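Student: Make the full structure from the sequences, and use the hints.
Number of protein chains: 4
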Amino acid sequence: MAALVRKSCSALHRSVSRHARLATVCRSMASKTPVGFIGLGNMGNPMAKNLLKHGYPVVAFDVFPEACKDFQDSGAQITDSPADVAEKADRIITMLPSSANAIEVYTGSNGILKKVKKGSLLIDSSTIDPAVSKELAKEVEKMGAVFMDAPVSGGVGAARSGNLTFMVGGVEQEFDAAKELLTCMAANVVYCGEVGTGQAAKICNNMLLAIGMIGTAETMNLGIRLGLDPKLLAKILNMSSGRCWSSDTYNPVPGVMEGVPSANNYQGGFGTTLMAKDLGLAQNSATNTKSPTPLGSLSHQIYRLMCAKGYATKDFSSVFQFLREDESA
Amino acid sequence: MAALVRKSCSALHRSVSRHARLATVCRSMASKTPVGFIGLGNMGNPMAKNLLKHGYPVVAFDVFPEACKDFQDSGAQITDSPADVAEKADRIITMLPSSANAIEVYTGSNGILKKVKKGSLLIDSSTIDPAVSKELAKEVEKMGAVFMDAPVSGGVGAARSGNLTFMVGGVEQEFDAAKELLTCMAANVVYCGEVGTGQAAKICNNMLLAIGMIGTAETMNLGIRLGLDPKLLAKILNMSSGRCWSSDTYNPVPGVMEGVPSANNYQGGFGTTLMAKDLGLAQNSATNTKSPTPLGSLSHQIYRLMCAKGYATKDFSSVFQFLREDESA
Amino acid sequence: MAALVRKSCSALHRSVSRHARLATVCRSMASKTPVGFIGLGNMGNPMAKNLLKHGYPVVAFDVFPEACKDFQDSGAQITDSPADVAEKADRIITMLPSSANAIEVYTGSNGILKKVKKGSLLIDSSTIDPAVSKELAKEVEKMGAVFMDAPVSGGVGAARSGNLTFMVGGVEQEFDAAKELLTCMAANVVYCGEVGTGQAAKICNNMLLAIGMIGTAETMNLGIRLGLDPKLLAKILNMSSGRCWSSDTYNPVPGVMEGVPSANNYQGGFGTTLMAKDLGLAQNSATNTKSPTPLGSLSHQIYRLMCAKGYATKDFSSVFQFLREDESA
Amino acid sequence: MAALVRKSCSALHRSVSRHARLATVCRSMASKTPVGFIGLGNMGNPMAKNLLKHGYPVVAFDVFPEACKDFQDSGAQITDSPADVAEKADRIITMLPSSANAIEVYTGSNGILKKVKKGSLLIDSSTIDPAVSKELAKEVEKMGAVFMDAPVSGGVGAARSGNLTFMVGGVEQEFDAAKELLTCMAANVVYCGEVGTGQAAKICNNMLLAIGMIGTAETMNLGIRLGLDPKLLAKILNMSSGRCWSSDTYNPVPGVMEGVPSANNYQGGFGTTLMAKDLGLAQNSATNTKSPTPLGSLSHQIYRLMCAKGYATKDFSSVFQFLREDESA
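Protein chains in written order, with this note's numbering: chain A, 698 to 1026; chain B, 698 to 1026; chain C, 698 to 1026; chain D, 698 to 1026.
Some clues are possibly wrong.
[Unchecked claim] Derived DSS-like pairs: lysine-lysine, alpha-carbon spacing no greater than 25 Å straight-line:
1. C:K987 with D:K928
2. D:K932 with C:K876
3. C:K932 with D:K876
4. D:K1006 with D:K987
No wet-lab data here; the hints were simulated from the structure. Remember, it's a predicted structure, so these values are computed and weren't measured experimentally.
Tutor: Spelled out as structure tokens, the structure:
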């Protein structure tokens, strides 16, 4: 399967990429032609709407009919399958929940690759295993099209307001074409390197984020038990070397900051389940590359445990609550 | 011992503190009277010299004759014991390497308490167990004097340039008197709360610092193995939620930043042994207060292991090197 | 304090131990003279009763009057303080909940050392920090008496049936005298080496026990989720290299074994709080000796967290339950 | 790819398995017909030789010509590819180093499935991801053949002496046919349940083994530093609740036991790299099933780190050495 695909692919490589480059030129002249969008969930829906707002006709698909219905009302054209999207648009963005879904949408029996046009630009904004992104890129390239991974940071709010950050991996000369579309949804579009590095940047950031958040939570809890006022402790950390995004921008202790999930009973924000998923991807990547990640690995376990103990839907800063003494206990 | 001290102390408490307060008034009028300084090591020496520079006569002691000799050349008066310092100065700063040393300097047979004057202000800038600070404070108070814990952040460089940060715990009305002296050595003097909270703030900060540093090291290593350029990865983290002091100010990866220990083969900076020591204090405090600190605890183990594997004298950011594949392996 | 005690003690050492040895001879001839017992809790009560059963008159003390009352009904003599016990018996066993309690009972204002007779044998069966045992031994020796640490393994059941295991540290020539008494309460009395090694053996065993238990719990849980029958998995582990006491004698998965706490909703057995306490002692010892203990340290954190989340009074094998998905979640 | 395979497979399922069952009957009558063996490495070579010793003609393949040459001298027939093996034998055992190799040997362009006969019995003794075993089983079943996973425990020595333990997953009615062959190489052949459970049992055992080994190493090291004699400590643990296979059968401390790798500078035995690989499989399985495995995960990291620090080829009990103070440091 995957392993074999890899081998047969390298010979084909050179001739195909020449075709792809030619096609690119045509594409970039043909702005405002229809853009495909597959995956109309919490994130995909507002992202696709921002494309509409910028004047792009959108041809969309989602496995859930309700998701399609809601989006159709916005003026988009709905199709029957990823393959149909590929027939009608030569620029496609996919926003899917998992590696397995991405594999199916691209290579499935009604997948994009069944009808993809030569020279098409396929941008996957899902957060998935970078090794899967690389496999998909090879399959796409075999069809004479171009694949880029472009996962996002920023949640539903940023998706709505068009303030996402895209981390983009893929052939550098295609980056401008991708950026043209992604800019409609983004505050930042960062080129990270070859295919898979967008995913790599995303999961690296989220691994360090998780470590910083748990570290902040246990540090704040320890300080409070040692008699420090939480606001004062946060202030001291933030002017010192303990400073991090979780301490100065998203503090997990209720009462320290306003407008963050800890001020709202850990509602909203970035759910523990999603963090556990991203940390699972980080661990897969660490295992594949034989990279020791002791704190990242333990952080994964802690979020995994939190999912099992009733914190699945709370914001990931609820680890502060998880580490505290239960009042009921 | 300690437990018993605690009990007998509370009765004495009220009458003593009245004396102390009275004495304070006298002290604050008597600026530029001699200041005692005990502990003339890498940190203590430049700290005491900054007191001299600000015009304070200094009466000093260190167990190592060479340390005394060097300091005497700066114009200070050297005495034979902590007790002698206490006889000649009613404001004393101590800067010692461990809890055991602090206990001996204060309560030993030639310790400060043998000859301390009523109303004296004793400021301990050592980084020690906050529980020991509290015990010392009680012993000091029994003698009618005042104790404050005031550990520092910032290394030898900051000590020389007078740019330390002091985190101060103790009776609030004494804070101004302490600040008068500490300001000679500091960029920041922060009041943290009752006795022991200076230490608490210090060890909390350093625990989160260690977590952030190890987290940054393993994240950067993972990203590099996944094909990301280290400078680009650092840039992405620093504009995202993975940002922390260790990623944006003290990056552990050689070549990412200039002027940090990673750019100089991990020479200088904050040694792994010292970090392991501070994390040991954090763990003691966590155990005493029954606070779960999973990442802090694992960070302690990692720095402990590094000390055993030849990294003891390198800067603590060398954890990046520790996690990497040995080139020789 | 402690540090200073250490120094002044070494000179005194030789002359004292000669006295102690002489006294030993007299003691061992005077069997069935009264034995002191301090600490009549869940463990101490049945232990002291076994001494009575073996014909030893017992002179006892506990801070809780009810504990004394109950024991008095068994025919023992109750005194007013540890000092009084020391006045009436030259062999004393102490069974106390913490280091702080032991320090007070030995060195407090009404402590044993206030009235201890030369040549007395003081056996501490508490589980405390080995460093504290060593300090107490030095104080005791200064009075011309002998101190041994002799913590137990085995719970309340073993205490009742006289089937405890004692791990004994102290001067080897005193071991027989200690064994004479301990045998009344024990299935095994093991000599471990100099003072403190009894504690060391105890906390080492319990640290490895905790690691084995958590390891067994997470392994069984993983196997079950992968489709294995729990009984079959336990059988496979127990005939393979995964075998450990927690898998073959005290399996944490309900339904795998009978007569263990997991078969009884984790009632009885060895409470999570006690395990967390012993792991805290292990961590203190590891920090003091700069020994890396990554799994021991993480196990401490897990039991600490369990105490905070409602598992404090359950048997420590309830970690299996802690790691599982909540049915209510 | 994998995901799609899964779907299309279920319809085919029933009719195929009827064929397979019929074929089984024929197979079990035709004992001593040729047996295929693919993978003639350190383990595979002695395993296949044991089949020869028991009178089975062996048709073999390995990608390395030298491995084939050596085996040919034993009297086996060597073929050009896995497909050729499948053409000449309807019972095949595979013993391969990784999931990727197994995928290639079964589904590659010259793989077994290219020429497998209906009713063939394919037994994979590689240690691989149980999810991959399940995928392979589905592909095999589509061809009307039977797949079982049967990883082994026991190293090269047990492979030579025919004392391996096989943990077998697959359809229960095929177990006897598999056992007939495996018994030639085994002391134990254990039926674990449906396809994948053999792998599950194997990786569960090895995860608990790793935890027990690291736990034993850190406990022994701590005890030694606290003044205990290592042999005595091992004895105490082994009669107490700390007992495990790593303490009583394979003690990692030099001088405690004879005939184990720790007595021979950690030569031989089960290499750190292999343990790291198995723990990686365990972590993949834990992530896939969302099972928290805090100690298993940290153990993985520790063996990963050891591989990076020069312990890759030493026995996995060398973790004792890894945790100790370097003499050179």
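Student: Could you tell me which of the hints above the structure violates, numbers in ascending order?
Tutor: Hint 4 is the one this structure does not satisfy, whereas the remaining hints hold.
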